[in-house]
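Asker: Listed below are the residues making up each chain.
Protein chains: 2
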Amino acid sequence: MTHFLLTCVELTETQRSYLQTTFSINQVVPIEMFDRADSGKVTIIYGWSDTLPSLTHFSSLKWIQTLSAGVNYLPLEELAKRNIIVTTTSGIHGHQMTESVLGMLFSYTRNIRESILKQEKREWGVANKGTDLVDKRVLIFGTGNIAKQLAKTLQVFGCDVFGINRSGRQVEHFTQTFNYQDGQSKLSTMDIVINLMPGTTETYHYFNDCLFSNMKKGVIFINMGRGTSVNTSDLISHIKTEKIAFAALDVFEEEPLPKDSELWGLKNVLITPHISGATDKYNDRAFTILTDNLMRFMKHEVLKNVVDLDLGY
Amino acid sequence: MTHFLLTCVELTETQRSYLQTTFSINQVVPIEMFDRADSGKVTIIYGWSDTLPSLTHFSSLKWIQTLSAGVNYLPLEELAKRNIIVTTTSGIHGHQMTESVLGMLFSYTRNIRESILKQEKREWGVANKGTDLVDKRVLIFGTGNIAKQLAKTLQVFGCDVFGINRSGRQVEHFTQTFNYQDGQSKLSTMDIVINLMPGTTETYHYFNDCLFSNMKKGVIFINMGRGTSVNTSDLISHIKTEKIAFAALDVFEEEPLPKDSELWGLKNVLITPHISGATDKYNDRAFTILTDNLMRFMKHEVLKNVVDLDLGY
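Residue numbers (UniProt numbering), protein chains in the order written: chain A, 1 to 313; chain B, 1 to 313.
Worth flagging that the hints you see were computed from the coordinates, not collected in a lab. For glycine and all other residues, C-beta sits at the position ideal for the given N, C-alpha and C. Be a bit skeptical, because a hint or two may be false.
Straight line, CA to CA, 27 Å or less: simulated DSS-like cross-link-like pairs of lysine-lysine [as the list claims (entries may be wrong)]:
id, chain 1, residue 1, chain 2, residue 2
1, B, 217, A, 148
2, A, 259, B, 148
3, A, 152, B, 121
Some chain B residues well away from chain A (every beta-carbon gap over 12 Å; in silico) [as the list claims (entries may be wrong)]:
id, residue
4, 59
5, 131
6, 189
7, 271
8, 276
9, 287
Required output: the full structure, derived from the provided sequences and hints.
Answerer: This is the structure:
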């Protein structure tokens with residue numbers, strides 16, 4: 001069988017020729033050079049782009065190797081209907097996302113954010129002594145690869161780390177994990193709550209008024225999962241009452257966050273523009289997933305990081 | 001022998017009565033209630049204050065348990081002449097200072113500082129993908145308690161951590177340590193340089209034009225030790241040429257940093273107001289050092305964290 005790989009990811013010349021020689025891929029075409037008339041020949045798509053022709057034109061497509069961990073931007077139903085395999089880059093986000101969570105935490109607990117804002121006014125001094133992570137109780141929603149690496153790292157800092165997943169099954173690096181129901185009853189004892197859940201219909205607006213109400217007064221809330229998991233207006237209410245002492249948000253219901261969103265101006269909110277998964281090493285790490293999966297694909301073996309298209313992750 | 005403890009550190013009522021009953025200290029007097037006429041009775045000072053009477057009035061003083069790791073603010077020569085013991089709280093700074101170093105690092109490498117500044121203008125997006133700490137080469141000047149904990153933690157993030165001390169003796173948690181001389185030749189291979197040296201005559205302006213010139217183009221420089229270790233105008237020059245891509249400074253030659261210091265306005269500089277050692281748990285942790293040392297003091301045993309008054313640390 002001949003293969004045509006359409007890549008929406010920038011490849012180096014070395015990477016491109018490696019793909020062609022090692023995997024006998026006849027054509028490796030970058031999206032900028034792609035002729036839509038060739039859509040019917042494409043068997044593999046690497047990455048994804050909103051500018052691609054509609055899926056119906058990709059009549060020979062067998063597999064999409066995405067560049068992300070979450071896939072809620074893909075036409076999952078149609079892909080399922082056509083039995084197209086979707087794989088993610090799950091496993092390469094742990095380092096940078098763990099560092100982003102910690103950077104956001106420390107920006108607050110170590111008074112770095114306050115210092116940055118005061119530096120703009122040449123002002124010396126901060127309002128309080130700050131704190132450190134020793135003995136802090138952390139609850140992470142999600143217990144996948146990223147959550148596991150984060151949990152393991154938080155334990156190095158002396159945190160007691162709990163997790164939440166669908167079944168409540170125990171997962172390494174967590175002191176204890178709960179299912180969605182049991183987890184809610186633990187919320188009030190947690191100093192830090194971190195969302196890493198995928199964006200699915202099940203998690204839509206999961207963080208709502210009720211959930212925020214059950215949190216401890218003065219909690220730190222971090223959203224690194226998907227913006228759709230949070231009811232934004234409920235979140236804003238609980239930030240305003242200072243129930244949530246500090247919210248660090250990397251993902252939003254609408255991205256880019258609209259200019260007129262109230263979130264921008266709240267003093268206890270840190271906004272980052274959906275960057276926690278990014279790193280200058282990303283494409284190199286993703287390429288090792290692609291080549292590993294190509295090896296399996298050519299041998300008709302089961303691929304790594306296959307998405308369950310019904311569950312959406 | 002009767003004891004009179006003058007405390008410049010706020011104690012809880014429980015802590016105060018614990019000192020009196022457990023150690024048979026006749027008087028535990030907070031500085032706000034202290035009658036200068038009693039200076040001659042004071043045998044122990046806990047903490048330090050610029051408002052204390054001159055040392056000559058403390059004719060019975062045996063021991064100062066400071067609240068800090070560095071002691072360059074004390075009249076060390078006079079203390080040495082009078083054989084007054086000085087002990088530090090060395091060992092209780094590791095957690096919070098490690099977190100501050102990481103917070104400063106991540107504020108840059110994870111684009112958090114840029115996001116904070118853009119949030120003020122409701123601007124979405126950052127200039128580049130950022131990076132992560134995996135495989136970064138870090139050189140720490142100083143290999144004491146704080147440096148060891150920092151080195152151990154940086155290794156968790158995949159850094160290769162090197163240290164510098166006077167003798168070049170090997171220290172746990174460092175891949176390798178060098179003496180001052182050998183260390184300089186390694187500078188050009190380091191991505192991140194962190195100063196944790198004490199402020200002594202030996203370290204005065206140690207970081208000067210020559211040392212900065214030997215660093216790698218694009219280095220990250222963090223000063224958490226003492227401001228006097230750095231020649232500020234040399235530092236500013238190398239920030240302006242972008243030899244130093246990012247400088248995070250918690251200590252300065254003059255503190256508070258003067259309003260007209262050029263450092264405030266440099267775009268690649270993060271200034272925090274000498275807060276990296278602070279935490280809401282500080283006084284509780286220091287109190288355990290005080291009581292541990294009181295136990296030894298009463299039994300005429302050697303105290304912990306005794307300062308070599310000639311070396312100054």
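Asker: Now tell me, hint by hint, if it's right for this structure.
Answerer: Results for each hint:
For a cut-off of 27 Å, the pair hint linking residue 217 of chain B to residue 148 of chain A is broken: about 35 Å separates their Cα positions. Of the pairs offered as hints, the one joining residue 259 of chain A and residue 148 of chain B is violated, with about 45 Å between alpha carbons and a cut-off of 27 Å exceeded. In summary, the hint linking residue 152 of chain A to residue 121 of chain B is not supported, as the alpha carbons are separated by about 36 Å, beyond the 27 Å threshold. In this structure residue 59 of chain B is separated from chain A by more than 12 Å, as the shortest Cβ-Cβ distance comes to about 35 Å.
With a closest Cβ-Cβ approach of about 5 Å to chain A, residue 131 of chain B is found to fall inside the 12 Å limit, against its non-interface label. At the 12 Å boundary, the C-beta of residue 189 of chain B stays outside the reach of chain A, the nearest C-beta of that chain being 19 Å off. The claim that residue 271 of chain B lies off the interface is violated: its Cβ sits roughly 5 Å from the closest Cβ of chain A, which falls inside the 12 Å cut-off. With a cut of 12 Å on Cβ distances, residue 276 of chain B falls inside the contact zone with chain A, its closest approach being about 7 Å.
The non-interface label for residue 287 of chain B is consistent with chain A: the shortest C-beta to C-beta separation is roughly 15 Å, beyond 12 Å.
Checked against the numbered hints above, the structure violates hints 1, 2, 3, 5, 7, 8; every other hint is satisfied.
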